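Colleague: Assemble the dimeric complex from its two separately framed chains, guided by the hints.
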Amino acid sequence: MRDAGEPPLLEINIASKRYRGAGRVDLDVIKDLRFSLAQGSVTCLLGPSGCGKTTALRIILGLDRKFEGAVTPPVDSLKLGVVFQDPRLLPWRTVEENIRLAAPSMSPSGLEDILQSLGLSDWRAHRPGELSVGMARRAAVARALSVEPDLLVLDEAFVSLDERGASVLRQYVFGVARARGTAILMVTHNIDEALRHSDRILVLAPRPTHVLESFELAAPLVARDATWMETQRRRFEQVVGATGLPQPPRAIASNHATDPFW
Amino acid sequence: MRLPRFAASLAVLVILWGIAAAAVHSSTLPSPASVFLFIVQDCLHGDMLVNLGMTLWRVVASFVLAMAVGSAIGLVLGRGRFLDEAFSPWMLTLLNTPALVITALCYIWLGLNEFAAIFAVALNKIPNVAVLLREGVRSFDPALDDMSKVYRFSAWKRLRHIFIPQLMPFLIGAARSGLALVWKIVLVVELLGRPNGVGYAIAYYFQLFDVRAVLGYSVAFSLVMLAIEFVVLQPLDQYARRWRTAAS
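So the protein lines, in turn, are chains Z and A. Under numbering that gives the first Met the number 0, think of the first position of the first sequence as 0, with each following residue one higher. Under numbering that gives the first Met the number 0, think of the first position of the second sequence as 0, with each following residue one higher.
So that you can see chain A by itself, here it is in the shape it has in the complex (with noise of 0.2 Å):
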């Protein structure tokens, strides 16, 4: 979508939510003014921007491992039958274990620490990317690949023109939705066992009855979420399809 009706979209939300809490007019749901008011003292007075930044470090460093991790598995098991009839079962187990189960294992078993945080929002996400990085390899033309043979391609040269050009969609589209989930992932691990963050400070405020400071919370971390969407994945995601847009 692109950013002015995207813009558009949102300010409609805004405006339906400031409608609802007018007509409310209660604690429970503040208007969004006050929000933005919140988040705006929150960065210059509060603890806002630290916790930003170290809710952000975990999502990247998460997102980072999970990827990496993620592709090589999906490349292994969309590659060797026999591997991914022996591993499918794995993944299948973990995509379908509760995120909560897995980062109370992880703390309990690695410790209350950075490692474990990140350790278990990155297991979360793995199976997903595993599993899209098969079905790319799986979706390869093998037409391209005997022409690539029959021309002598060099392992690195199919690697770069026949093979990633093939994954990419695919390993846009597991950045783009892991990138939604770790988020979401890491306020649960940080509400879990973080002393900051956001996840740690939703659920201090949450202690405390703070709608105000909750949404605020959440709408500032959106926001950073949002800007990487459009500053990063979407540009990259239109770089890697600019040959299908030229082709219709």
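Okay, chain Z solo, but in the shape it has when bound (with noise of 0.2 Å):
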């Protein structure tokens, strides 16, 4: 976590973004979307299925320019690492090619470092066509963390593996990540996932989407067990009913979204 008065890693300020759609009918997808990223924090992004939670995510990456306010500081100022819902490695490569073309500066104990971690030191030199979906999920976050990244965003980058899969990297990833004092935003149905991962949780309303709740976890990871879980479960269902959302299903040990609204 950030010290006070440390300026943060992002401000998102997005006032606006629409989508034209056929006969020119405007579609208001976010209004007046804000909050900011402390150095080292984990923000989660819960909202409703469709709410604009990807577009707000392409907008802080840096990959859709056409909205009213502003990121600051520029995004491309700052190392970027992204796990995507798919794992876009690049058929064409072997593992070792797709870190390398993303961290070409990374050292080769490093990589060896990394790809050992994740069980991918055997699979280094084939390539992704060649890889089951949790090798290539493992292989995409390997790329995301060579790069030494200032923010970790993973968009729904544990869904569809196996749970005692997902755990595993899940706490890989959030133990690099919080080592390296790497900024995580994330987007996840797994409200789990989130109570035990994030530092605030940002729930957001239907589109246009904006923050209805901040559901601050202040917590320490190590304190974070079943009792403390089943509390802020239930707090946080409490936050949710106040904003007027219906409850998210109330447990989801899976990692796949089962519920149509969230």
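No lab work stands behind these hints, which were simulated from the structure alone. Treat the numbers as computed from the prediction; the structure is a model and nothing was measured. Warning: the hint list may mix true and false statements.
What the hints assert, rightly or not - Partial list, computed: chain Z residues near chain A (C-beta under 8 Å): (1) Leu-56; (2) Leu-62; (3) Arg-87; (4) Arg-92; (5) Leu-100; (6) Ala-101; (7) Met-105; (8) Leu-110; (9) Gly-128; (10) Val-146.
The C-beta atom is built at its ideal place from N, Cα and C for all residues, glycine as well.
Modeller: This is how it looks when you write it as structure tokens:
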């Protein structure tokens, strides 16, 4: 967590984002979405399906510049690591080449360490088409961490993985990022994941989205045991209830979003 | 198709040709043996090697020109909707203009010379390459483009690692179909306005009603083009698709 008074890593101020549909009908996707990201913090965006989370992430990542507002400082000045929902590995390059293309200055020992930690050592010379979904996701994680990012964006990075594999991967990603002081911005539908790993959950409104509530989680990670999780879940339900949104499913133990609203 | 199977298929065709020639027993359908004998004799004592060489030069020159210009146009049209809308009708018009018309006009406007011949062939092929490459660009995976932007790939890195690999199947498709089309058009161009080449020779022997020589030239140049297909294009195709093979 950052010290009080330290300037934020990123200030996000999206006054408006619209998509022009057929017949020139504008669709307001985001309206007054404002929050900041502190260095070393973990912020989770949680909102209904289709509320504009991915659009917000694209703006924050500098992939969509057609919006009113500003992201400061310009995201081009930061080193970014992203784990998208799909791994987005180059299918014609090996695992090692995919990582090296993103992080060309990475040392051989650093590369070996990360491959070893993610169980990819034996697969370094294989192409993504030869990997399982889980391995491809781990390769994407390896690529994101290998750039030693200032900001790591996780866009539903652990969906479609078995719970055990997802849990191991989460521990690794959040462990490395916390140790390095990397800020994390994540989108997830898994409330347990959000409660266990975040410093703050931003509850987003349906489209046009904005922050409805900021749910702070101050407890250190080691103190987040089952009892703490249960207490926070109840607290979180009360906060969501106060916003007027339907309650998210109580126990999303799975990594698959099952509720059409959330 | 693997070379042994291809050769076996070709052998069957030659056998059927031989049977038909024996059945007809006429100079209008000479036997494969007599045609191959003509090829050998004309290579040793005639103009066949010169004519094959001239045609091959025109094929290579017009092919390279068409691929370079067509690819550039295809890339521009694929990336810019306005330009695509503005120039697609031009491409469509050129695609549907008979090769003979383009050739005749090039000879009239540019003169009966080598440049006009090569330009005419290239002009026939350019829209075909451009349309194929435009479709290639349109099929780019935007997710990979996003990834390359997030990880700050340089323009060269994006071209080499993102765009060219996605374009390769389209480039090779354009090259393979292009080569087959180009050499046929070269023959027409030579027939109309060049003093040498396979097209010129075929026109000459056609006037003499020498079917053996017409078939001899046709077979000889087909063999050259098949060699290019097997020695250059197919290995290139396999190289470009090697990651797909590994994935399957």
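Colleague: Under the criterion of a CB-CB separation shorter than 8 Å, is Leu-56 of chain Z in contact with chain A as hinted?
Modeller: 10 Å, violated
Colleague: Would the hint on Gly-128 of chain Z be counted as holding, given a Cβ-Cβ threshold of 8 Å to chain A?
Modeller: Constraint on Gly-128 of chain Z satisfied, holds at 2 Å.
Colleague: Holds or violated: the hint that Ala-101 of chain Z contacts chain A, with Cβ atoms closer than 8 Å.
Modeller: 4 Å, holds
Colleague: Hint Arg-92 of chain Z vs chain A: min CB-CB distance below 8 Å?
Modeller: 7 Å, holds
Colleague: Would you check whether Val-146 of chain Z satisfies its interface hint, that is, whether its CB is within less than 8 Å of any CB in chain A?
Modeller: Val-146 of chain Z check passes; min Cβ-Cβ to chain A is 7 Å, inside 8 Å.
Colleague: If you take the shortest Cβ to Cβ gap from Leu-62 of chain Z to chain A, is it below 8 Å?
Modeller: 5 Å, holds
Colleague: Using Cβ atoms only, decide whether Arg-87 of chain Z comes closer than 8 Å to chain A, and label the hint accordingly.
Modeller: Given a least distance of 4 Å, the restraint on Arg-87 of chain Z holds.
Colleague: Can the hint on Leu-100 of chain Z be confirmed by a CB-to-CB distance to chain A that is less than 8 Å?
Modeller: 6 Å, holds
Colleague: Given a cut of 8 Å on the nearest C-beta pair, is the interface hint for Met-105 of chain Z held or broken against chain A?
Modeller: Given a least distance of 12 Å, the restraint on Met-105 of chain Z is violated.
Colleague: Taking 8 Å as the limit, does the beta-carbon of Leu-110 of chain Z come near enough to a beta-carbon in chain A?
Modeller: Leu-110 of chain Z check fails; min Cβ-Cβ to chain A is 15 Å, beyond 8 Å.
Comparing the model with each earlier hint shows violations of hints 1, 7, 8; every other hint is respected.
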